[in-house]
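Engineer: Which chain is which? The protein sequence lines are A and B, in order. According to my numbering, the first sequence is numbered sequentially starting from 13. According to my numbering, the second sequence is numbered sequentially starting from 19.
Do not take every clue at face value.
As the list claims (entries may be wrong) - Cross-link-like lysine-lysine pairs, in silico, DSS-like; alpha carbons within 27 Å at most: (1) A:Lys-179 / A:Lys-140; (2) B:Lys-91 / A:Lys-473; (3) B:Lys-388 / B:Lys-436; (4) B:Lys-388 / B:Lys-451; (5) A:Lys-473 / B:Lys-118; (6) A:Lys-383 / B:Lys-388; (7) A:Lys-408 / A:Lys-333; (8) A:Lys-333 / B:Lys-119; (9) B:Lys-112 / A:Lys-334; (10) B:Lys-451 / A:Lys-88; (11) A:Lys-418 / B:Lys-119; (12) B:Lys-440 / A:Lys-88; (13) A:Lys-473 / B:Lys-116.
As the list claims (entries may be wrong) - Residues from chain A that face chain B, not an exhaustive set, calculated with beta carbons under 8 Å: (14) Pro-39; (15) Phe-45; (16) Gln-65; (17) Pro-79; (18) Phe-478.
The set of hints was computed from the structure by calculation and includes no laboratory data. Virtual Cβ for every residue (Gly too), placed ideally from N, Cα, C.
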Amino acid sequence: MGKFAPDLTFEKFRENLAPDDLLFSVPDLYFSFRPGRVLIVEPESASWIVLPQADFSFLTSTGLINPGANERTFRKLADLNLIAPPSSPSPADYDNFLRLLYRLFIRNMLTINGYSYYQPSSLWQVQKYPHYFNLHLTESCNLACRYCRVDHNSPDPMMMSVETCKKIIRRVLEEIPGQKCIIGFHGGEPLLNIEVVVEGSRYAREVAASAGKELSLSLQTNGLLLGRYSQLLKELRVDVGVSIDGPEEIHNRMRIFRSGRGSFQEVMAGIEAARKAGLNPGFLAVIHEPEDYLTVARFMVENLQAKSFRLNYSCYEGRAKKVLSFDLQRAADFAYHWLQLIDFAREEFMRTGTWLSIDDLNLFVAHLVSKQRPHMCYRSPCGAGNSILGFGHDGKIYPCEELVGKEEFCLGHIDDPTSLGRLLSESELLATLARNRYVDNVPACADCPWRHFHGAGCLNKSYEYFGDIAHRDPMCYFYRTVFEELLWRLSENQEIKNLISYYKKYIRMEGEWL
Amino acid sequence: MKKFLKRKIDLLPQRPEPFVFRMEITPEARWIKSALNQLLDFSTIIQLEAIEGLSDELLQIVQDLDRHPREPKIRLILPSSQNNFSSSFSSYAKPLSKLKKSTIVIFLASISHAQEPSLKNELLETIKSFSSAGLKTGLLVELAPTELASGIETEARFKAQLLALEELIACAAHAGALEMALRPSLSYIPRLRPNFSEKTSKHRPTEATDVSVSTLASLLSCLLSWINELKARGLVLSFEECFPLASSAPYSHLTQGLNKGFSLNLNPNPEPNFKLNLGPNLNPNLDPNNFTNWPMPNCRQAFGSCFIDRNGLIKPCRLSEYILGDLKEKQLKDIFSSFIFSDRHYCFSSFPATSSSSLNTPVRLDSGLKPVPLFQLLHRNWGSTLVHGYDSLLLSHKGVRLARSIDGRHNLRWFKKKFGAKALSFICGLFLKGYIRLEE
Ligand code: SF4
Ligand code: SF4
Numbered sequence: 013m014g015k016f017a018p019d020l021t022f023e024k025f026r027e028n029l030a031p032d033d034l035l036f037s038v039p040d041l042y043f044s045f046r047p048g049r050v051l052i053v054e055p056e057s058a059s060w061i062v063l064p065q066a067d068f069s070f071l072t073s074t075g076l077i078n079p080g081a082n083e084r085t086f087r088k089l090a091d092l093n094l095i096a097p098p099s100s101p102s103p104a105d106y107d108n109f110l111r112l113l114y115r116l117f118i119r120n121m122l123t124i125n126g127y128s129y130y131q132p133s134s135l136w137q138v139q140k141y142p143h144y145f146n147l148h149l150t151e152s153c154n155l156a157c158r159y160c161r162v163d164h165n166s167p168d169p170m171m172m173s174v175e176t177c178k179k180i181i182r183r184v185l186e187e188i189p190g191q192k193c194i195i196g197f198h199g200g201e202p203l204l205n206i207e208v209v210v211e212g213s214r215y216a217r218e219v220a221a222s223a224g225k226e227l228s229l230s231l232q233t234n235g236l237l238l239g240r241y242s243q244l245l246k247e248l249r250v251d252v253g254v255s256i257d258g259p260e261e262i263h264n265r266m267r268i269f270r271s272g273r274g275s276f277q278e279v280m281a282g283i284e285a286a287r288k289a290g291l292n293p294g295f296l297a298v299i300h301e302p303e304d305y306l307t308v309a310r311f312m313v314e315n316l317q318a319k320s321f322r323l324n325y326s327c328y329e330g331r332a333k334k335v336l337s338f339d340l341q342r343a344a345d346f347a348y349h350w351l352q353l354i355d356f357a358r359e360e361f362m363r364t365g366t367w368l369s370i371d372d373l374n375l376f377v378a379h380l381v382s383k384q385r386p387h388m389c390y391r392s393p394c395g396a397g398n399s400i401l402g403f404g405h406d407g408k409i410y411p412c413e414e415l416v417g418k419e420e421f422c423l424g425h426i427d428d429p430t431s432l433g434r435l436l437s438e439s440e441l442l443a444t445l446a447r448n449r450y451v452d453n454v455p456a457c458a459d460c461p462w463r464h465f466h467g468a469g470c471l472n473k474s475y476e477y478f479g480d481i482a483h484r485d486p487m488c489y490f491y492r493t494v495f496e497e498l499l500w501r502l503s504e505n506q507e508i509k510n511l512i513s514y515y516k517k518y519i520r521m522e523g524e525w526l
Numbered sequence: 019m020k021k022f023l024k025r026k027i028d029l030l031p032q033r034p035e036p037f038v039f040r041m042e043i044t045p046e047a048r049w050i051k052s053a054l055n056q057l058l059d060f061s062t063i064i065q066l067e068a069i070e071g072l073s074d075e076l077l078q079i080v081q082d083l084d085r086h087p088r089e090p091k092i093r094l095i096l097p098s099s100q101n102n103f104s105s106s107f108s109s110y111a112k113p114l115s116k117l118k119k120s121t122i123v124i125f126l127a128s129i130s131h132a133q134e135p136s137l138k139n140e141l142l143e144t145i146k147s148f149s150s151a152g153l154k155t156g157l158l159v160e161l162a163p164t165e166l167a168s169g170i171e172t173e174a175r176f177k178a179q180l181l182a183l184e185e186l187i188a189c190a191a192h193a194g195a196l197e198m199a200l201r202p203s204l205s206y207i208p209r210l211r212p213n214f215s216e217k218t219s220k221h222r223p224t225e226a227t228d229v230s231v232s233t234l235a236s237l238l239s240c241l242l243s244w245i246n247e248l249k250a251r252g253l254v255l256s257f258e259e260c261f262p263l264a265s266s267a268p269y270s271h272l273t274q275g276l277n278k279g280f281s282l283n284l285n286p287n288p289e290p291n292f293k294l295n296l297g298p299n300l301n302p303n304l305d306p307n308n309f310t311n312w313p314m315p316n317c318r319q320a321f322g323s324c325f326i327d328r329n330g331l332i333k334p335c336r337l338s339e340y341i342l343g344d345l346k347e348k349q350l351k352d353i354f355s356s357f358i359f360s361d362r363h364y365c366f367s368s369f370p371a372t373s374s375s376s377l378n379t380p381v382r383l384d385s386g387l388k389p390v391p392l393f394q395l396l397h398r399n400w401g402s403t404l405v406h407g408y409d410s411l412l413l414s415h416k417g418v419r420l421a422r423s424i425d426g427r428h429n430l431r432w433f434k435k436k437f438g439a440k441a442l443s444f445i446c447g448l449f450l451k452g453y454i455r456l457e458e
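Next comes chain B alone, as it looks inside the complex (with noise of 0.2 Å):
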């Protein structure tokens, strides 16, 4: 972190080190009990993905993740592709109850599930046992909309997969899972991605054929009206990870709203019949050595979040081809302090004031309310982010005194006189944010 303490202390980097890491696990990685050594520094949320299914080696792992003092919540990603999957992992369902930390199990599923009974059945037993053992479940449903970007009647068979995905989300619902999420197949994301030709990892898919961006738009315009149906019946999906293309649809690690910002990478008004295709010219905008210049995401790519692959390499996402550093050979830390980091900074001055016009000041707050914390504070020698599910804030030194003294006890009167009106702006911003209560 050499880098940010010479910068102006309160000038904070856009992309700190992350705080959600997702993680691909098999038994054999020897990489992987050190890397989560360092991880748990980091981490508030350590999501696994068990690649190749559960294993009494991958039990252990989680089990002493589990016994580490420090408190991230554990996410565990089930494949249920292998055959009989319900019967393998059936035996795991009691230790992993037994886990101590906020635990859920998401098992990911693709459209087969939603498809075929006999899958769907599997599954949805799955899920109520797990559940029924106390876990909390979810299910991750990987879609492959590029699979049917071609030939006759696309949309209309579109539709059919998200009617059946539909009942399926409603039964595994039902079944006690807590949390529905969506991302693209991996199939999907070499077609739409810039070739940065160095730098990438060494695993490229292969075949990647031409899909026509109009189709594709279309059906990802589907995709979105089918999800705000159901948020509009109280069914909540959303997006583990961006779909390219979907420009309304953020990048959000499951929970958050789809009402803002655009994915990573494209030019969000594709011209209608423009055909995509490989290659470094996709977008003149992206410079792989020039991460700085990249447009600015409403994903945590790299800064809220990372990936790490079954080889150990850090990449911003999943998708991303991009590779941060390799875990194998050098320490998280080192690797994210190399980092570029651009230089906007975020905090204090940038919430809203509460004393102009209305559309800036859209809560009064009365100095008697007393702001009640909902967050987590990561504590580091830059400043601190503030953390709130998988969204966070970075707070500087300042910020961080002030975030310290919310607790539920002060009322904004005290907090004004100790550290003057601006403080009612950031305290009116923590509120709008999701991130305090304000109570009496």
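Chain A with its partners taken away, still in its complex shape (with noise of 0.2 Å):
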């Protein structure tokens, strides 16, 4: 068997093989065992797949797959004919048998001849220019919440200029290469900067228009001031998301005024009047207690008619750090609570006829059902400086929103008269945080056999947690238990592919990963 083509067929693949042809093992794989199930995860390429323990016994007995040992061996393929996989039928059944085979061989549990198949390697590469800019209009805020990752106390509001918001947009939009962009207003509060959301917004689609760039505005609130302002944001054709933790009693624990009151009521009124003003705001609520996952998800279905929102635990960041316990047990409760989304995306798909677009959930099910990356958070190398800039109220720029008003990952500033461009190519802190970040050189993630996978996750809360950047993700057992149960759930259901929803749109879904 000679080359390969990277998008080869069984049909081709059939065709190609030769009997004098040498199957070769693969050391290093990851076994996962149910009953009358293996689960085989390739940890170099990010491959998987789940066999019948029948179609397993036969690879190890032939020694195909040989667990634990890391050398390889090899059978002839012709010594291999006589025999078929004890599932199939009769030993007649030969095409099943080389079906197995090539399941294995493009997952890179098998090589051929010393042939490994191609991977493409769009899991780990990284966009070269930003395309989503994030505003932090002020650090200050209406609400005082007890998680929030500002610990902001200074009488100053920090309020980012009009003249400060142009420079930037018109900067990255005429000096960043790339057809699409989008303007993210965030905070604190943003709204509490509407002057400047107004004119950043009207300047953007201007500038934009002349520079010939495609543009989307948004724009993250806690929905206090929306009754006053949707109306507003309306005719500005900015898209809000709304901070909502939950029912009432969830969301007054954290999501509070100075005065220590729940904000609930407020919030809902705010959302009421997005609707009227015809805005169809998205929804993001942060978990605090992982019993409340299911709650949540409820409460966004059925209160708030939502079909597509974002659901993340609490972070061990700015005040937090202070009010919430990040006790030992706490990755697997989140890890336990998180997956009964997915049969909760099920009966309401049952119920609607309509699959439920819950994040990351979506996300971790588009990874796993293509070698595509359609989102460039949380798996490092991430977008921080890749796909995104964050920018401070003050105008300094830093590679992620998460990182905004940290001074150790400062990039520069807007002001500066370097070209942006040039200002990310030659920036020694991204060459860093490209480098640490990525998975093989986070010391940590040496052995995992999720590390193509998950990528050491976010290098925001590596840092927050462990005071460094080249450090596994806080939440690394979180990670672990979901993709391992996620693929199972996708070998017993493959319905379960729809819960990708909105990044099909982006991703090519192979069948053959299913």
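Put the complex together from the two separate chains, hints included.
Structural biologist: Here's what the structure looks like:
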């Protein structure tokens, strides 16, 4: 057998296979077992397969799969010709056997005559230029959520000036190549700086039009001021995301006014107003107690009629460091309850006929059913500085919105004369991040079977928790658990692939991955 | 290393210094810190066995190790035998989870953890909370088949133990443990070991009774077939140390297959009714003064790995009584340079040629392929050791030059041009041994 095209079909594989081809086992695979089935993971290329027990035992008996071995064993195809996997009805069913070989081969779990199958590298490739620009319009806020990443106490409201905002918008649109561009208004509470939202949005549309770029505008708010500004935001064509942590008693535990009073009623009124104005807000909830996942998801669907929402777990950052407990059981508990969202989404599908889109569940599924990477966050090397840039209220430039305000990550200032393109390509800091965050350079992730699925996670989270960017994700076990479980679930019930929802647009799902 | 330098440079010693160090540590031992400092120059893996459990001093030692610029992987073995081990460990999970180096915490258990529900739950809970904290965890079970090797229904009782163990292992995997391994308990060993009168440690376990080899052999074959069954179901279980007499079970530091080799010291085909007892004549081939005449074990005793006991004595292996030196008195590098090495060499020339008959040429390498390294290179003045996981290969200087250029950028045609046709057999050998991957 000679060379293989990247998109090798089974038919072509079968045609090319010759009796004296040598089939080699691959060392260092990861195995997990359940009654009657075995999951195999090939860590290097992030490939996986679930095999029936009978097929697996057959493969181990031939030595083509050699659990625990670190050397290759090999068999000549001709010597195996007469044996078909026990699960197939008869040895005549040679095709089944070849298909099994094919499935292993394209997952790099088998090599032929020394060849591994070509794997697209898009899983670890990063974009060349950022397209998402996140502007912190202010660091102040009209709420005082207990877990906020900004632990802002100073009397200075830290407002971005209209002039700074325009400068950022002009420079990113003009100096950074790429057709598509998203500008996000964040904070603090961005609506406290409404002047900049308005001026910035209008200016961005103008510049984008003259630069011939496709522009989207977005804004993440706590919802309090939506009553006042929804109409305006609608006119500006800004996509609005509202942070709401769930039903009243959950939301009010954390999302409070300075007085300590919960903000639920006001936020709901804001959402109401936004909808009246014709906006279609997205929702983001932060989960602090793992048991809340289902309650919050139900609230999103039943009370907010949302089909698409994001559930984040709370992180070790800002005020949360003092307020929340980050106990040992945390990752396991979060994983356990997070996984129940899958069944929840399935039930919803049965009830309504549409699949919910829950971030990051959809993203993880997208990763597992394709070899592509539609979203640049959470997997290192991540989007920080590659597809994302964050801007502080003072015009300072950072690789990612989460890093805004952390001086050690400052890339420069919008007033610097150097072009942004050069600033990025020549940045020592970005080069260091790219190198140290590449998962193969993160020592703690060295032997992790999931290293190329998870890529050591978010650099900011590692930095906040460990004080070091070259460290694993603090919720490591969460990821190890949910990846493995998702693979089992996908193999049991292929419907689940529909959970990728809107990522469908961006990736090519390959039937063979299921 | 003076001895080597006198040799012809391409003739490499079979036993260079180890790169996997297993070490027993107790908080009182003064020599540990300086020993670890010396070890760091040698090791790619340091396994610390906290025989008396964890303490603040030990945590400090581990944290210092973690801060050191060298990057060995850390393995920490915690004994789950004391009362309330889970609560005594739990306060350490968090600081341990903050270690930056690749760290795995392995819980050492015995068969009673599989058989007694309360112990078992405690162990599983501990594994789960350490895993949840982000640590990689493992389970190491000590077996003592000799304790069963008398009386009636020995085999049935052993099988029952294995069944209980199977459940424990499955639950541990579910709780997040990534590695499962077995090793013999020390009570199993002394009865099977030749007695070197000199140069042995003073701590000899007492009361060695005779054990029927045939009984033992049948237990061990039970064990091996059980392990193979598990393997066919996707459950990888391996031996941290060999079980003497288990002829197809090499000493393998947890990860490796059970497919080849034999254990040290013993006749692989004992006569059925041969009674083992302790004595210098057990195996006439074993002359303690002539290490080079020992049967070549498939384990890495004293070359790939070695063991340092609680008193600072360096031994080829935990199971061995042969003492290579005392870390309290000598420097590590002196101990290893005075150690006798065999003449066998292993590199470059011993790989199958890619051009001759089909048995020797399992791979038809297309010259367009590029080798991608999956190894670490440990440089020494006699050459180098290639390390992949727990396995190693010795390289001559020429081999080192070649290995250094394996970076996934050059294709085989380039290697052939630069190093000659032999380079291809070398690379082919590396591929077969899992040290490199080939890509287009
Ligand atoms: S953070 Fe954890 S799960 Fe992710 S790659 Fe590293 S070790 Fe693996
Ligand atoms: S630093 Fe974290 S939040 Fe920012 S892009 Fe990277 S993974 Fe995402």
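Engineer: Would you check whether Pro-39 of chain A satisfies its interface hint, that is, whether its CB is within less than 8 Å of any CB in chain B?
Structural biologist: holds (4 Å)
Engineer: Assess, step by step, whether the Cα of Lys-91 of chain B is no farther than 27 Å from the Cα of Lys-473 of chain A, and give holds or violated.
Structural biologist: Cα-Cα ~23 Å, so holds.
Engineer: Would the hint linking Lys-418 of chain A and Lys-119 of chain B be met if the CA-CA limit is 27 Å?
Structural biologist: Holds. Lys-418 of chain A to Lys-119 of chain B sits at ~25 Å (cutoff 27 Å).
Engineer: Given the hinted pair Lys-451 of chain B and Lys-88 of chain A, is their alpha-carbon gap at most 27 Å?
Structural biologist: holds (18 Å)
Engineer: Take a quick look at whether Lys-440 of chain B and Lys-88 of chain A sit within 27 Å of each other, Cα to Cα.
Structural biologist: Holds: Lys-440 of chain B and Lys-88 of chain A sit about 24 Å apart, inside 27 Å.
Engineer: Should the interface hint for Phe-45 of chain A be scored as holding, given a Cβ-Cβ cut-off of 8 Å against chain B?
Structural biologist: Holds: closest Cβ of chain B sits about 4 Å from Phe-45 of chain A, inside 8 Å.
Engineer: Is Lys-473 of chain A close enough to Lys-116 of chain B, meaning Cα to Cα at most 27 Å?
Structural biologist: holds (13 Å)
Engineer: Need the status of pair Lys-179 of chain A, Lys-140 of chain A: alpha-carbon distance at most 27 Å?
Structural biologist: Given that 27 Å is the threshold and the Cα spacing comes to 22 Å, the pair holds.
Engineer: For Lys-408 of chain A and Lys-333 of chain A, compute the direct alpha-carbon distance and say whether it is at most 27 Å.
Structural biologist: Satisfied, since the Cα-Cα distance of roughly 25 Å is no more than 27 Å.
Engineer: Lys-473 of chain A and Lys-118 of chain B: Cα distance at most 27 Å?
Structural biologist: Status holds; Cα separation ~14 Å.
Engineer: Could you grab the alpha-carbon distance between Lys-383 of chain A and Lys-388 of chain B and see if it respects the 27 Å cut-off?
Structural biologist: Holds, at roughly 22 Å.
Engineer: At a threshold of 8 Å, is the proposed contact between Gln-65 of chain A and chain B supported by beta-carbon distances?
Structural biologist: With Cβ-Cβ at 7 Å, under 8 Å, it holds.
Hint violations for this structure: none, all hints satisfied.
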